[in-house]
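Respectively, the protein sequence lines represent chains A and B.
Using the working numbering, you'd call the opening residue of the first sequence number 2 and step up by one each time.
Using the working numbering, you'd call the opening residue of the second sequence number 2 and step up by one each time.
Note that these hints are calculated values from the structure, not bench results.
Since the list can't tell identical chains apart, any single copy or any two copies may satisfy a pair.
Here are the computed lysine-lysine pairs in the DSSO-like style, where the Cα-Cα straight-line distance is at most 27 Å:
no. : residue 1 : residue 2
1   : K281      : K317
2   : K174      : K287
3   : K57       : K174
4   : K57       : K317
5   : K347      : K400
6   : K53       : K317
7   : K287      : K317
2 protein chains.
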Amino acid sequence: MGSKEAGKLEWRISVDNGTTTERLVPKSGPSERIFLWLKGLVMKVIVERLSKFMRKTWRIGADDPAKVVHCLKVGLALSLVSIFYYMRPLYDGVGGNAMWAIMTVVVVFESNVGATFSKCLNRVVATILAGSLGIAVHWVATQSGKAEIFVIGFSVFLFAFAATYSRFVPSFKARFDYGAIIFILTFSLVSVGGYRVDKLVDMAQQRLSTIAIGTSICIIITVFFCPIWAGTQLHRLVQRNFVKLADSLDGCVEEYFKKKDVLKNENEDEETNMKLQGFKCVLNSKGTEESMANLARWEPAHGSFNFRHPWQQYVKIGAAMRRCAYCLENLSICMSYETEVPDQAKKHFGEACLKLSSASSKILRELADMMNNTRKSSKMDFLVFDMNSAVQELRETLKSVPVESNKPKEEVPNNKGDRTMSMSLHEVLPVATLVSLLIENAARIQTTVEAVDELANLADFKQDSKKKTGDNKAKQPPLNS
Amino acid sequence: MGSKEAGKLEWRISVDNGTTTERLVPKSGPSERIFLWLKGLVMKVIVERLSKFMRKTWRIGADDPAKVVHCLKVGLALSLVSIFYYMRPLYDGVGGNAMWAIMTVVVVFESNVGATFSKCLNRVVATILAGSLGIAVHWVATQSGKAEIFVIGFSVFLFAFAATYSRFVPSFKARFDYGAIIFILTFSLVSVGGYRVDKLVDMAQQRLSTIAIGTSICIIITVFFCPIWAGTQLHRLVQRNFVKLADSLDGCVEEYFKKKDVLKNENEDEETNMKLQGFKCVLNSKGTEESMANLARWEPAHGSFNFRHPWQQYVKIGAAMRRCAYCLENLSICMSYETEVPDQAKKHFGEACLKLSSASSKILRELADMMNNTRKSSKMDFLVFDMNSAVQELRETLKSVPVESNKPKEEVPNNKGDRTMSMSLHEVLPVATLVSLLIENAARIQTTVEAVDELANLADFKQDSKKKTGDNKAKQPPLNS
Chain A
2 MGSKEAGKLE WRISVDNGTT TERLVPKSGP SERIFLWLKG LVMKVIVERL
52 SKFMRKTWRI GADDPAKVVH CLKVGLALSL VSIFYYMRPL YDGVGGNAMW
102 AIMTVVVVFE SNVGATFSKC LNRVVATILA GSLGIAVHWV ATQSGKAEIF
152 VIGFSVFLFA FAATYSRFVP SFKARFDYGA IIFILTFSLV SVGGYRVDKL
202 VDMAQQRLST IAIGTSICII ITVFFCPIWA GTQLHRLVQR NFVKLADSLD
252 GCVEEYFKKK DVLKNENEDE ETNMKLQGFK CVLNSKGTEE SMANLARWEP
302 AHGSFNFRHP WQQYVKIGAA MRRCAYCLEN LSICMSYETE VPDQAKKHFG
352 EACLKLSSAS SKILRELADM MNNTRKSSKM DFLVFDMNSA VQELRETLKS
402 VPVESNKPKE EVPNNKGDRT MSMSLHEVLP VATLVSLLIE NAARIQTTVE
452 AVDELANLAD FKQDSKKKTG DNKAKQPPLN S
Chain B
2 MGSKEAGKLE WRISVDNGTT TERLVPKSGP SERIFLWLKG LVMKVIVERL
52 SKFMRKTWRI GADDPAKVVH CLKVGLALSL VSIFYYMRPL YDGVGGNAMW
102 AIMTVVVVFE SNVGATFSKC LNRVVATILA GSLGIAVHWV ATQSGKAEIF
152 VIGFSVFLFA FAATYSRFVP SFKARFDYGA IIFILTFSLV SVGGYRVDKL
202 VDMAQQRLST IAIGTSICII ITVFFCPIWA GTQLHRLVQR NFVKLADSLD
252 GCVEEYFKKK DVLKNENEDE ETNMKLQGFK CVLNSKGTEE SMANLARWEP
302 AHGSFNFRHP WQQYVKIGAA MRRCAYCLEN LSICMSYETE VPDQAKKHFG
352 EACLKLSSAS SKILRELADM MNNTRKSSKM DFLVFDMNSA VQELRETLKS
402 VPVESNKPKE EVPNNKGDRT MSMSLHEVLP VATLVSLLIE NAARIQTTVE
452 AVDELANLAD FKQDSKKKTG DNKAKQPPLN S
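Go ahead and model the full structure; you've got the sequences and the hints to work with.
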């Protein structure tokens, strides 16, 4: 209480001071200065936060212009449908039919063609189904006299229960989740609506025509105006993930064996770190891959993809890639081991490890190329053979490692003839782990190759013309055609 | 063509046969038999498929009764709102106000309280915001004479663009995704609707009151009728995942070191396999954890959780657990190595490995207990100390391993004094990998313990009364109260 009074007093004094000494340019008292400082601080915080948020928001669009295009398309579709109905007010207020067209556009328009198609189809089919069922139930209810309300209530309960339950069945949910919602909605509206049946047919016709207008505007804009295909996105995602895995693998192993040799500047360091962490994208892309594969099957033929393109195979490829990524995650821990690995051990394994990792990453890059060109690879067998012989070589290196067995350090001849210090298993362990993970990773890459080969067979990838894979990279045949 | 004709002929003959010889019990000719067989086959396939589907569908409900409860609740809410409006037909057909109440229930009702709350709030706030904005734009449009249609079209385009873009900003999407959709919808409807402004206020009032009825029915039913809390589900998920990790870890290491000792029957084998694969659930629960944490913060205090319970900490715990799961994924590969590990190596490491794995899994189980009781653990420090000394012991075992260094096998004394065959690094490698993964896993478990400790501090878990942890298991204080 006392300090508050003092504060007030001080404030009054400082104001008095300000007004009596210099009326136009008041000298700021301490409280005023505090106020100004606080104001400045708050403004600074707000401005900083806002600008940070804006920068982040800007980056989202800059990183993926497809998102901006999608927003433009939504705006366009909505303006079109709004203007259409604004110019032809054939409806009775907001509750009328225009509403259904606008609502259809808002709810159905998704960022890729597959999702939009799936929602349109779901909406139309569910509306028709639920509409006819609703009319039937409504007719039964009106015939049943006093039990009317119970018939309505019970049927709404029953169908709402069944439709909601069906949304928990994974195979149903993947395709018809939206349809189930629309089914419940339409069924309730129709069966509850106090219409006579003869009026219902009129209404149904109107409703269907507005929904048809909404869906056709959506489909036309989504397909003919910079289409974004779920299939293409999935294909690209898998391709990019191959490159990321290859980068991470190369980066990890190189970093490990050359840690202290090269001094890099900060920028390069950050870039390397980004590359090393690439496998994390692969770890986290399961959900995206699955939903994209689900949506892609709704899409018509586009670019290099037929209508019956084996999209589910991408999910299998993704799973195989994730298994490689688990290996890389554990590989990356080898780099942070506390135990100092003797240089000698690194030297002993370095060459063979680098050879294996580069052979492995070459395969991953070739797989990315295969995806990019949608062609079978002519040199894959050769690359796999290379990798397997690198594995064999690494195994040989393992066998020839000079390890001491609990004895004081001594000089033992290694297989190259020169004399090196032998190492204890404890010291070699991190390298040994790295080696065994690399070998396991090679095996997992091989299963990935098999999965991609299966895709190539299922989707009838063309045979690669000889010695073209190198040039193809420069040409980059358009996927989004 | 020929065979088709022959088929027809045969069919006709068999019919003739049937009708002339025995009129009432026709002898079935070969084609008839084929037809019957085909019919039986088709029926069998359909019945089998249907019954399989039904069994699967039944299992979903049996495994998680909360889902069935949710369906019942949806049915109840919809019947209530339907009957309410059926009995008081104060609306003008299906397009009227009843629609908004029914639509609110259908779209807003989610399986847990947090999601329902979040959608209700989003819906109400977005409707009010967009409604006022829409009225303003509509007024501007009507004032601007001939430019009216351009004002409407452009404003719809602009706001639809902005709202759609905002849905790509992750921090916004996590909370206000549904609000953005409702915003676009309401804004378009209001600004396009050809109303005079004086009529709009009336309409707005009606609309808001119907939405209020819909949301309050949803909220009342979701909170007071077997509530399913996102927070509790998240808490339980994390707790269950700890147990799964512990089971997997125990299972893997035991399986590895006792592979050939025990002969199990098939049932047990399947159960063991389920346990071994438990870590896969942890690998896949990232998305669920994040969305649950997002929803849980909308929920009021319930059970042992305050309103400001640190739900985001669960995401951190989940991430730490996933890092353990990556280790286990790689651990499980050690079991499928081609290289036959000499029994001697298994024997050498077995004891220490089993000790470490059981110390690690004890910690995981204690963490699960901590979560279950929402109490701090009194013996965690002790368990961590145990684990660390097990790690130390394993390291010692590593140092004392008798490894041959590229020389013919010979007998070397190990630290226990008895003489064993020495092994090559190549032979020891799988075990060495297992060992190093176990050690790494211990480090990751420690970071998990830290994360849970942080949660315990943030959420003010009570101190564990001494020596109670054992009994608590039996008591199982109710979480869903």
